[in-house]
Every structure is written in C-alpha cells, then in structure tokens.
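Asker: Residue strings, one per chain:
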Amino acid sequence: GAVVSQHPSRVICKSGTSVKIECRSLDFQATTMFWYRQFPKQSLMLMATSNEGSKATYEQGVEKDKFLINHASLTLSTLTVTSAHPEDSSFYICSADRTGGNYGYTFGSGTRLTVV
Amino acid sequence: RKEVEQDPGPFNVPEGATVAFNCTYSNSASQSFFWYRQDCRKEPKLLMSVYSSGNEDGRFTAQLNRASQYISLLIRDSKLSDSATYLCVVNWGAQKLVFGQGTRLTINP
Chain A
1 GAVVSQHPSR VICKSGTSVK IECRSLDFQA TTMFWYRQFP KQSLMLMATS
51 NEGSKATYEQ GVEKDKFLIN HASLTLSTLT VTSAHPEDSS FYICSADRTG
101 GNYGYTFGSG TRLTVV
Chain B
117 RKEVEQDPGP FNVPEGATVA FNCTYSNSAS QSFFWYRQDC RKEPKLLMSV
167 YSSGNEDGRF TAQLNRASQY ISLLIRDSKL SDSATYLCVV NWGAQKLVFG
217 QGTRLTINP
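Chains A and B, in that order, give the protein sequences. Using my numbering, read the first sequence as starting at 1 and increasing by one per residue. Using my numbering, read the second sequence as starting at 117 and increasing by one per residue.
Please keep in mind that the hints were generated in silico from the structure rather than gathered at the bench. We treat Cβ as the ideally placed atom computed from N, Cα and C, and that holds for glycine. Treat the hints with caution; some may be incorrect.
Said to hold, decoys possible - In silico BS3-like pairs for lysine-lysine, Cα to Cα no more than 27 Å straight-line:
no.: 1; chain 1: B; residue 1: 195; chain 2: A; residue 2: 20
no.: 2; chain 1: B; residue 1: 158; chain 2: A; residue 2: 64
no.: 3; chain 1: B; residue 1: 118; chain 2: A; residue 2: 20
no.: 4; chain 1: A; residue 1: 64; chain 2: B; residue 2: 195
no.: 5; chain 1: A; residue 1: 55; chain 2: B; residue 2: 195
no.: 6; chain 1: A; residue 1: 66; chain 2: B; residue 2: 212
no.: 7; chain 1: A; residue 1: 66; chain 2: B; residue 2: 195
As the list claims (entries may be wrong) - Partner residues are not named here, just some residues of chain A that face chain B (Cβ under 10 Å, in silico):
no.: 8; residue: 12
no.: 9; residue: 59
no.: 10; residue: 74
no.: 11; residue: 82
no.: 12; residue: 85
no.: 13; residue: 105
no.: 14; residue: 109
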C-alpha cells in the first residue's frame, strides 16, 4: 500500500528559529500533498495543498510567508515554519494519495513541534 | 453550520457492546466519505470508506445517507483495542479532505 514518510517526528526549537519538516511518498509519485495542523483535542485542519512544480495553495487564515512549502519533486514536499513562536506548537501532519482522493489518503506519522 | 460535524463524546462503553457514531456534512456535492481512527498522539489511519449502499468490514459497518447528508459508523462486539478517536472525513472536492472534530471512544474491560 501507499507509504508516506514524515521527518522529524518530534522537534523542539527556540522561539524565532525556523524548522523544516519533510514529507516523502515512498512507493508512489505524488503530484499533490497536503499539510495539516492539529492542536490538542481538536481535529485536523488543512493548512495548504502542495503542488509539485508550482506554488502551494493555502487555506484561508494560513500565512504563506510563515509556512513555506516546497514541492520540488514528485516524492518530496517540505514545510518550513519560519520564525516559530510558541503558538505554532502543534502536531503537523502531511498526507498524499495516488488515487485522486477516492479511496482515502495516507498520512505521514506527524511531527510534534514544540517552540520554547 | 460546521462543514463536518460529529458528537465529540466521549463514549465509554463496556467491552462487547455495540456503539454507533453519527456524522453530518454540509457540502451536498461531496462524493467520497471515510472513517479514520486516530490513536493518541498518532496520525489518522483509514478505517474504511463509506459507500451509498452501506458497507461492512468485520465488526464495522458504515452507512451513508446522501439525502440527509449523514454518515454513520457501527462497531459491534467492541474490543479494548477499539479505544481511539474516530474521525468522520469528507472529500470536499479538488482532493481536499475536511475532518470532523472526532468522537472519542473508550472501551472498558
């Protein structure tokens, strides 16, 4: 089945620094990947859609200059949280699909970001 | 109205019980529907897709009512390992998934 790898699984960083999270599709090519954020006891909220070879599409309220997305190849998308602040502490999860979304999506294992 | 709405629970039921979750969605154009389960501090994992005719996978049965924009999940003979948060997920178009807030289930021995 489809495998999506996400790295790192956990990161602690100082306020003001930037953090890069990688999402890889291991056994398929993903022209589209998705980045979600989940705060404690809340559901997943879509942040942006990452498109291979073009600009990402951001959801309303998500700052594109703060959450930089790069999808330079068919198997890798990266999310960089720039100038992180404690309120950015959250669980970030990527997902990808090779069936156009009709049969569900596979999620990466998530990255727990803590900004101190 | 929320895009995808679920009863957050928590549901606490004894092992062996039958439990049902409900979900409503607001986008009448949605075509794909799913139930995911999420364990604490883990990523969501696909439990099953939901089809108009209803579908069953072992102890799990999913139903879809397009007219009422309503989805359900039934778990029979619940096991301790069924304890998790169950997420109702709707494909909103253009491959965008919208998640309900999740229903937390605890199975008690």
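Asker: Using Cβ atoms only, decide whether residue 105(A) comes closer than 10 Å to chain B, and label the hint accordingly.
Answerer: holds (6 Å)
Asker: Grab the minimum C-beta distance from residue 74(A) to chain B and call the hint holds if it beats 10 Å, violated otherwise.
Answerer: At 16 Å from the nearest chain B Cβ, residue 74(A) fails the 10 Å test, so the hint is violated.
Asker: Do the numbers back the hint for residue 85(A), that is, is its least Cβ distance to chain B under 10 Å?
Answerer: violated (22 Å)
Asker: Residue 55(A) and residue 195(B) were given as a pair; does the straight-line alpha-carbon distance stay at or below 27 Å?
Answerer: Distance of about 45 Å is beyond 27 Å: violated.
Asker: Is the hinted pair residue 66(A) and residue 212(B) satisfied, with a Cα-Cα distance of at most 27 Å?
Answerer: holds (22 Å)
Asker: Take a quick look at whether residue 118(B) and residue 20(A) sit within 27 Å of each other, Cα to Cα.
Answerer: violated (32 Å)
Asker: Holds or violated: are the alpha carbons of residue 64(A) and residue 195(B) at most 27 Å from each other?
Answerer: violated (43 Å)
Asker: With the threshold set at 27 Å, check whether the alpha-carbon distance from residue 158(B) to residue 64(A) stays at or below it.
Answerer: Cα-Cα ~26 Å, so holds.
Asker: Any CB of chain B closer than 10 Å to the CB of residue 109(A)?
Answerer: holds (5 Å)
Asker: Min Cβ distance, residue 59(A) to chain B: is it shorter than 10 Å?
Answerer: holds (9 Å)
Asker: Any CB of chain B closer than 10 Å to the CB of residue 12(A)?
Answerer: Given a least distance of 15 Å, the restraint on residue 12(A) is violated.
Asker: Between the alpha carbons of residue 66(A) and residue 195(B), is the straight-line distance 27 Å or under?
Answerer: Not satisfied, since the Cα-Cα distance of roughly 43 Å exceeds 27 Å.
Violated hints for the displayed structure, listed by number in ascending order: 1, 3, 4, 5, 7, 8, 10, 11, 12.
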